[in-house]
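Peer 1: Both chains come to you apart, so use the hints to assemble them.
Chains as they are written, first to last, in full-length UniProt numbering: chain W, 1 to 337; chain E, 1 to 401.
Honestly, the hints are just simulated from the structure, not real lab data. Given the structure is predicted, the values throughout are model-derived calculations rather than measurements. There could be a bad hint or two in this list.
Where chain E lies over chain W, by a calculated footprint (3+ residues, C-beta under 8 Å) [said to hold, decoys possible]: (1) 152-158; (2) 177-184; (3) 248-254; (4) 269-277.
Just so you know, even glycine gets a beta-carbon here, dropped at the ideal spot from N, CA and C.
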Amino acid sequence: MKRPAAVLALSLVTLGGVMANARLVAPTISDAAITGSGFPAKLSDYGFFIQPDAQVPNLGVHPYALNTPLWSDGAEKLRFIYLPEGTQLVADGEGLLKFPVGAAIIKTFAFGEGEARRLIETRVLLHRADGWVALPYRWNAEQTEATLALAGGRLDLVTPAGETISYAIPNKNQCKGCHAKDGQVIPIGPKARNLSVKWMAQMLDSRVLDRLPPGGATMPVWAGYSDKGPVEPFARAYLDVNCAHCHQPGGGASNSGLDLRWEQADPHAIGILKRPVAAGRGAGGHDFSVLPGQPDKSILLFRMDSAEPGIAMPELGKASVDKQGVAVVRRWIAEME
Amino acid sequence: MNRLALAAVLLATAAPLAAETQRVEPGDGAAQRLQEALILAAPGDVVELGAGRFVLTDGLSLDVDGVTLRGAGMDGENASVLDFTGQQGAGEGLLVTSDNVTLRDFAVENPKGDGIKSKGADNIIYSGIRVTWTGGPKATNGAYGIYPVESTGVLVTNSKVSGASDAGIYVGQSRDITVRGNLVEYNVAGIEIENSRNALVTENIATRNTGGLLVFDLPGLPVMNGGNVILRQNVVADNDTPNFAPPGNIVASVRRGTGVLVMANDGVLIEENAFENNPTAHIMVVAYTQPFTDERYNPYARNVIVGFNAFGRGGDDPQLDGKEQLLAAFGGALPPVLWDGIVEKDNGLKIAKGVTGWSLNLSKPGQSLAEAQPGPLMLTPLESWEFPEVGAPAALEARLK
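Just chain E, same shape as in the assembly (with noise of 0.2 Å):
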């Protein structure tokens, strides 16, 4: 039945129209058929893309809210992939900017901007999404693979992203957030939570990136005070790829080898996570380090607190300046836990007990490291700690069931 004849017999009933599925397969006219299917959706609707290769000249949009674009995978010779590699225009490959999207089980490849970026986009899900670079870490590939901003009710789960030149998955200026069970590789920053309120990272694995997961929050922005984050139970191991981020973006200062970077934020919990391999550092917490002039904005690191977590090898190849006298003076490899010692007041950085690290002695934000009198971190340990429940609303999570 037809649209218009179902919408006749439901009226009587006042009962919402059905969804509709519409399929759309690859090949000849594939991305005008797409787009189509994505500009005439009605709320509730599937677009359905077949296996195989959509091959794009231009970034695809969706608009209209309820929508669910789902593939038949990511990954495997059933996988439906969206294919940019001959991009002509447009910033990114996928923009959404309708609320409670549902998008799934679908690849991107090679988009010349960001990946898939949804703006302004509440209650959305991207659930089996792969965002690749194929051509590996590159400085001209892509900023963002997964790229949610202004939003409340985020949803990232069962996704892949591998070489984002800045991170694979963003989230800025959003709220109440999860990040949950994604494999992020290959990227400047595996994982990056950027001026964003209740947000819990948690099960992922960052690997072979410059730094695993961040957590930023910066000044000049329309959304900023960012805190409530949760780094729970990831996998945050060999981080060791050389940044390859264009200069002059804020991750291009990210040292080679960080596992857990946290900058600014007001109340941090990174508690459960295994952390292996990281040369540089497991966990850093630093306050904003470059000058601003925005009175709005805090850039001490506050709250942060570094809960139990299990610290394998690491520190033992920083990318910092006299690394040799470095790690001679604490036996041939850095604590786990580096902190710039900058604090507000005393709501800087707090340790569960048993947690190790050193600290740069630095006293306010901005100043130069060349004044850091290094030493081991004498912080008392917390005996106990709350934290409020953070992530995306339950309703999305049953969405996906």
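Extracted from the complex, chain W is given alone in its bound form (with noise of 0.2 Å):
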């Protein structure tokens, strides 16, 4: 893509203190990094930042937030969207937003706040013209650059909670484990139903998407969540973000059985009264993945409950405890009949 830079420069003016610390010049996103066949080896080659270590999207690349997001050891996300000049997303019902080929999504994991916020890596998918193809990038200590971290890599660092982990960044093929479905590497996040009528509001204002489709923002605002309200919507809501891109029909995890999206409605596949079949002793001596009334009973919660790797679920990004997201799932299963 190609943008003159006094454009560009025009909307600097209204970022008001980012400008400061901004490039008089910005850079030029590259079509070629995203559609080429290479795996490019920075993440500046791309150009989807004006500001990198403020997460200051270039044009183009527009900010999204999810209802319900993954939990990942509870890093702080910033997701965005990229798409070429003229084209569009296209909406199709509750599910995947259709992306045009050239598009890339962006996101950047990040711990601590204001001054002490770190970022950690940037995981990027790209939609080539033979598929989508997920790169991880490993941010420098200096905050300057992330680099190319095909194999991966782990770091220690202190989580929201308080808790010292091995972060560990997933390699290029456990990008796959959860982006693939029947052997395809495809986006999980921006659902329609998982997006809020505001945001899709926008991008239909700004032409980025082509219409609101029926089904959106049904999945309920996870932060919206309370002990007094219904638990239900949340728990499935929760388990279809988090489990259901490896358990379902075609996912990393479909020998299980255990299909947790959230349109699946038969109780078996969801785990009700399910018996385990290749858990081990991730089953926890357990007979069930979930038995009603029983969540100290049930293998998909003590699973949840757990870090230690054979047992933890899910299997990566994750290596401590989302005690959010067990309480609510604790009590969906105690309040179950």
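Peer 2: Rendered as structure tokens:
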């Protein structure tokens, strides 16, 4: 994409305080980096950010958020969509938005607040002519650049809950481990049902999205959960977002027979009175994935509530326990008849 | 010549790219170098492991078709060992998700979950692979050692697994399978064929497991209707390790001292095996025992044939209620074949001439054992039988030559 630097400079004026540190000439987004066959070595090769450490997006790069997000050791996540000039997202009912070839989805993981915030990694999904490619980039200590981490990596950090963990940056194959369906890499997050009406309306206004899909925004906003309110929509949304990318037909854990998608209505498929298949010690001595009324005898909760490799679920992207997620799913099982 | 230069030369002749060999030695940064090699490999390439110990904190994965991952050996001083004792993440040591992969001549030790899992990986070979939990049989060991699932074309040969808290070699929801010439010991189940069709299990040694060879068909899974399984010319001996599976798993119900266990399935042939010292039963054939709601599922053991086998001592210390009375009634040892007696129609258990056994004389799947009326097996022996030839495609065998 070629946009005149002057246009970009104008837009920078609106960024206020950021302006002081911004480069005079913003980078040009490289469509070739996105659609070419290689693996760009640096995140800056794409030009997605005007100011990388502050995660200020370039023109054509749109921030978004999810109603119920995937939990990753409490990381703050900054999500962006990039669309090449002249293209649009196409709504497809409540499901995944359809991305044109040349689009990219960018997600940065950060820990710490305010001045102490550190960007850890940025994962990109690139929509190439022969399909999506997922690549992980690891930020340097100076926060000036992130470099390709094909083989992933580990670093120690402290989560918002105060736990010191060994945080794992996934390798390229592990990206696919979650993003694969029927052997092909696909996006997971931006499904219309898990996006806000407000955001979709904004995208419609700016002609980034073709229309407001029916069935959009039906998943609850996770931050709006209350002990006094309904629990099932939150539990099912949580399981869909955190588990169903593997636990669905065609997903990485399809052989388990457990299908935790939001739309799955069969009680056995979502684990109710379902016996384990290949759980090994992950079963924790329990007979069923979900035993109604008995959260402490349910394999699903046992594995969510563990951080031990070989037991813990999800297997990737988790080194500590999501206490709030466990509490919501616990209540859902406890109140189940 | 590097790959690009070679490609330029070969383009003129339209010949395929020659395979490259990428060698990875143990030592500093080995985990990253090995994982990068597995990611950057091109179809047809060989990733070669040097001899020695690769210390790994995370699971490895391979997602490129046609790659060979080859070590210097699975045993001895020159073995290539992937050591997962300090593993911090992932559900298995190595995950393969691509087709036509060959894994050979290396070892995997102490993975936190499964050893090597291949999922949706057609035409895969495991040859000369050792998976060991070095602390011996423990419930805290991973479930499966060698774990191909949802695949067509599987060959597991000349490999060794010990310590698996479920099955040493587990083939699930797959077709066209050969498991040949392996040693499985000190696992809960030595070899398990589950919800799979067209499997040949032959020339293996299954010893010191809780149960030696298991053929299961379970409800509620994407792939069911297992059958056409041959267990032939295996040594199934001394399977006397107390069950150490974590409770809740189906194999936790396997009785210590089981040689062969067939549960449900359509078509299983058991012949020319040598059975010795399996204290509960050399062969057990039963219907699925748990309640289920899956309408696609058939819980009966159908068309199971016990042909000519060599039965040595066994059935003399069964892990069964009423053991003393049973032993007394059968003269000190139970006969080799234990059947639950449950038939769907006239397609139940079949035996060759001279095969003896006993039946629980139950009548329907899930019936309580308390209602058993044990008695000698009263079946008319088959004069002859036909059974389809099964196993992995010949092309897999050819790839090893």
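Peer 1: Please verify the coverage claim for the region 152-158 of chain W: does it have three or more residues whose C-beta sits within 8 Å of some C-beta in chain E?
Peer 2: It holds, with 3 qualifying residues against the three required.
Peer 1: How does the coverage statement for the region 248-254 of chain W fare against chain E, requiring three or more residues with Cβ below 8 Å from a Cβ of that chain?
Peer 2: holds (count 3)
Peer 1: Examine the region 177-184 of chain W for residues whose CB is less than 8 Å from any CB of chain E, and state whether their number is three or more.
Peer 2: holds (count 3)
Peer 1: Given as covered by chain E, does the region 269-277 of chain W meet the bar of three residues or more with CB within less than 8 Å?
Peer 2: holds (count 4)
Of the numbered hints stated above, none is contradicted by the structure.
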